[in-house]
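K.L.:
Protein chains in written order, with our numbering: chain A, 1 to 617; chain B, 618 to 864.
Derived by calculation from the structure, the hints in this document are not laboratory data.
Where hints are given, some of them may not hold.
Partial selection, computed: residues in chain B whose CB lies under 7 Å from chain A [as the list claims (entries may be wrong)]:
1. Val647
2. Asn668
3. Lys673
4. Ile702
5. Lys714
6. Phe733
7. Lys736
8. Arg744
9. Tyr747
10. Glu762
Computed cross-link-like contacts, SDA-like style, restricted to lysine to any residue with a CA-CA straight-line distance of at most 20 Å [unchecked claim]:
11. Lys832/B x Leu856/B
12. Lys359/A x Thr644/B
13. Lys512/A x Val585/A
14. Lys116/A x Leu799/B
15. Lys348/A x Thr644/B
16. Lys348/A x Met690/B
17. Lys348/A x Arg804/B
18. Lys708/B x Arg781/B
19. Lys734/B x Thr644/B
20. Lys348/A x Asp752/B
21. Lys734/B x Arg464/A
22. Lys832/B x Pro352/A
23. Lys728/B x Gly645/B
24. Lys736/B x Lys359/A
25. Lys734/B x Met690/B
26. Lys512/A x Leu799/B
27. Lys359/A x Arg781/B
Under 7 Å between C-beta atoms, here's a sample of chain A residues computed to sit facing chain B [said to hold, decoys possible]:
28. Lys173
29. Tyr519
30. Gly522
Treat the numbers as computed from the prediction; the structure is a model and nothing was measured.
Think of the CB as a built atom: it goes at the ideal place given N, C-alpha and C, for glycine as much as any other residue.
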Amino acid sequence: MLDTREIQTVAHDVIVIGAGGAGLRAAIQCADQGLNTAVLTKSLLGKAHTVMAEGGIAAALGNVDARDNWQVHFRDTMRGGKFLNDWRMAELHARHAPERVQELEDWGAVFDRTPKGLISQRNFGGHRYPRLAHVGDRTGLELIRTLQDRLVHSDAHVHMECTALEILIEGSKVAGVAAYWRETGRFVVFRAPAVILATGGGGRAWRVTSNSWEYTGDGYALAYGAGAELMDMEFTQFHPTGMVWPPSVRGILVTEGVRGDGGVLLNNKGERFMFNYIPEKFAPETADSVEEATRWLDGDKNARRPPELLTRDVVARSILAEVRAGRGSPHGGVFLDIASRRPAELIKRKLPSMYHQFKELADVDITKEPMEIGPTLHYFMGGVRVDSETQQSRVPGLFACGECAAGMHGANRLGGNSLSDLVVFGALAGDGAMAYVRGLGQPPAPSDATVRSAFQRATDILNRESGPNPYLVHEQLQEVMNDFVGIVRNAEDLSRGIEEIEKLKTSAEQVKAHGASQYNPGWDEALSLRSLLITAEAVARAGLMREESRGAHYRVDFEGERDEWLPFNIVIRRAKDGRMDVEKVRRGEAPAELAAIAYAKIEDLEAGRVAAPAQGA
Amino acid sequence: MAMRHFRVWRGNATGGGFQDYQVDVDTGMVVLDVLHRIQAHQAPDMAIRWNCKAGKCGSCSMELNGQPKLACMTRMSVYPEDATITVQPLKTFPVIKDLVTDVSWNYEQNKRIPPFKPKPVDPDGRRRMYQEDVDRVQEFRKCIECFLCQDVCHVLRDRDRKDRFVGPRFMIRLASLEMHPLDAGDRIEQVQKDFGSGLCNITKCCTDVCPEHIKITDNGIIPLKERVVDRAYDPVMKLARALFGRK
C-alpha cells in the first residue's frame, strides 16, 4: 500500500488545470488579485492547443465596419448555435470580447493593422461583419505568447509537465488535485480550495482530428469524477477543412481564413458546389451567384456573403455529400482553391502558415494549385455545466472555462468565437474562483484515503503482470468514434458505438504500461484512456438521446431542427452505482430583451428598432 | 510501405546508447509518425515530447542525423531510401529520458527579460501602430520556442556559456520588445551586459535551423548589436540621456 506520508504536498489558493488561452487568462486574473495561484500543464508552457488557432479572435470592435456592435455579434452567435446557447453567456461574451482583445494589445500583442493603424478585422463564417482580430494565420500563438509573457512576470507558479489524475473532494467541496510529474513519474498532492478546469476538448478520441496530443477530455473526466455535470456533449464540431493527404497529416487544420480571404470549394468537376447547399434560413444573407460572391470579395458592402462562409456544420456536411456522390478529390476530400483567386504574394502574406504547411507536408504550392481538404473533428461545444456568471460547476470550488465548459456556443460554434471565449470566460472564472476562496472559511483538507485511492489506480497500471497495449486500445477507440459517432449519425450506429465503448472500457481497466514511471508515454497513454472513454461515452449517449438534427449534431433518422427539443439540454452525471446517467433537462426561459435581439431582423437591429438591454454586465 | 532502419538514443541522465529498430514506413510519413509507430509496437516507454504534430507548437525538437529538426515537419522522403535515420535528443540541454531534454533554463531566461511596457494611449483612448512598423516585430513573434536555435548556437552548445548569453531565442524576444512601436521600455544596456549580445559571433547557424524562417541574425541580433554600439559610443546621445532620460 502507498504510504501517503512520502507523497509531496504543495498548497495553493487556486489551481488552474490547463495552460491554453483560458487557463492562462484565468491564472492571470487570480494572481493579479493576490491569490496564490498555480497552473498545471501536461506539456511545457506555451505549447497548448491554442497555438493552433489560426483565423482570429472575434470581437465587435467595429474597426473595419463601423456597423458592428455587441448585439450583432450576440445575434450571430445565437444563430450559429441554433439558439441552444446559454443566453447570458453569449451576451457576456459579445459584450466583454472587445475589452479583452484591447487588453491583449495592452499586454503587447501585435495584431495586423488597418490602414488607419487600428487592429484589423477579417471576415469569417457566420459573422455578419469583418470581426476577427488576427495575426496572419497564427492568431492563437500570439494569444498564448502574450498571456504567457504576462503570466511569467506575475507571482503565479507554473507546474510544467504535470498531469492531474483526480480532483480531491472532501465533504462535497474541492480540496485539491492529485497529480504526477511526468519528468520523474512521482506523485504530488496539490491542496487548494478552488480548481479551475481549462483543459480544452477531447478530439483525440477520433481518428481524424485537428486536435493535439493533449486533447484527451481530461477536464470532462475530472469534473465527472468529482460529481459535476456535463452538458451538450452531443455537439462536436467537425471543421470542414482539414488536410486529407498524405495519410499521416490527415485531420490537420486548414484555416477558415482561406475561405474568408477568397478561397472557394470545388468538386472534381470544378463546380463551386456550395451554391447548391444554402439552407433556407441563411438564403436571405447569402450570395446566390458567383458574380455576387465575387463582388463581396472585392469589398462591395451591398453584396451578400459567399456560401463557402456558411456555418461549419453546413459546409462540413456539404463536403461529405459531394464525396459520397462520387464528386470528391482523389484522396476522399474536395478542393479548396485560393490560387486562382488571389495573387501569390497576398496568399503568402495573409496565410503564411498554410503556405508552409502544404509545401512542407504535402508538396503542394497553394499559390499555384488547389488544396485537398475534408472534415476533421475540431471542437467540443459541450462540456462541464457551469453557472453563466461565475463559471462554477455544481461542485463547490470547481470551475471550468474555455472549450471544456458548456453553454456559450450552443449547438455550434462560430469560427473566431473560441479565442474570445477563452479570454472572456477565463477572466470570469478567475473572478468566480476568487470570490469563492475569499468567502470560504477553513479550506477543506483531503483525507489520506482519498489521496491513496487516487494514486492506486495509476500504480496498478505499471505493476500488473500483463494486459492490453494502451496505444492499441486508443487506436481502437478512434476507429469506433470515426465509424459510429461521426458527422452523420443514426440510432443504430450510435448504439453500436456505445457497445464498442463498453468493451473498450473493460480493456482499459486491464491495460499494462511497461517500464518505469519516469517520463513514460505508455503510462501517460494508459492514464488518459479513462478520460477519453468517459468523453466518448458521453458524446455517444447524448447523441443517441437527442432525436433531432441541430447545429453540429446531425441525425439522418431525425432530420431537421425539432421545436420540441429546443427547450432541452442533455445533462450527464455519474450515478451512485458508477453508471453514466443521461438526462433531458429543461433550459431556463430566454430573457425577453435578449430574445428580441437574437430573433430580430438584421435591418431592424441595425436601424436601432430593437431596444438594447441595460448595460448591466 | 518500406522497411526502414532507425537508431534511437535511449537512456537518461545516468547514461544510455543507441538502439536499433526496423520499422515499416508508409508514403507521406514524417519522422514523428515513425517514432510513434516504434512506440506503439516496439518501445512503449520511449520518451518523446510532442503536441500539435503540425509544426506550430515546437515541442518535438530533436537531432535527426545530426541536424536539429522538428520531427513532425521532417518528411521521410527527404532521406535516401536506404539511409539509416539516427535520432538523438538536443545536445545543448540535459537529457531527462530518451529524446526528451530539460529545457527549463530557457524559461528562466524569459523571466529575466523586462516585460512589455505600454506607452500611453492616444487621446481618443485607442492605440495605433501601422502595418509597415509592425512587420518586423511580427516576424520575431512567429517564434514557436522550439529551441532549435538555442541547440545549434555555438556559444551555448560548444562553449556552454549559458551563464553569459541568453541565446538566439531570447535575443529575438528582446528584439521583439525593443522594436515594438508601443513599447516604452529600454533594455539596450541589458542586451549587452545581462544578456550577452557580444558573445554572438553571427555565424547564422540559428537562422539556418529556424523552422519559422525567422532571419534571427540579420533582422534581430545584428540590429540589437548596432543599438548597443550606438548607445555606447555616441557621446552626444550619452549626454542627452544623462540630461533627459531615454529616447
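K.L.:
Evaluate each hint against the coordinates.
P.N.:
The hints, checked one at a time:
no., hint, result
1, Val647, "6 Å, holds"
2, Asn668, "5 Å, holds"
3, Lys673, "5 Å, holds"
4, Ile702, "15 Å, violated"
5, Lys714, "4 Å, holds"
6, Phe733, "3 Å, holds"
7, Lys736, "10 Å, violated"
8, Arg744, "6 Å, holds"
9, Tyr747, "5 Å, holds"
10, Glu762, "5 Å, holds"
11, Lys832/B x Leu856/B, "34 Å, violated"
12, Lys359/A x Thr644/B, "16 Å, holds"
13, Lys512/A x Val585/A, "39 Å, violated"
14, Lys116/A x Leu799/B, "15 Å, holds"
15, Lys348/A x Thr644/B, "27 Å, violated"
16, Lys348/A x Met690/B, "19 Å, holds"
17, Lys348/A x Arg804/B, "33 Å, violated"
18, Lys708/B x Arg781/B, "19 Å, holds"
19, Lys734/B x Thr644/B, "49 Å, violated"
20, Lys348/A x Asp752/B, "14 Å, holds"
21, Lys734/B x Arg464/A, "55 Å, violated"
22, Lys832/B x Pro352/A, "15 Å, holds"
23, Lys728/B x Gly645/B, "40 Å, violated"
24, Lys736/B x Lys359/A, "40 Å, violated"
25, Lys734/B x Met690/B, "35 Å, violated"
26, Lys512/A x Leu799/B, "54 Å, violated"
27, Lys359/A x Arg781/B, "38 Å, violated"
28, Lys173, "33 Å, violated"
29, Tyr519, "4 Å, holds"
30, Gly522, "4 Å, holds"
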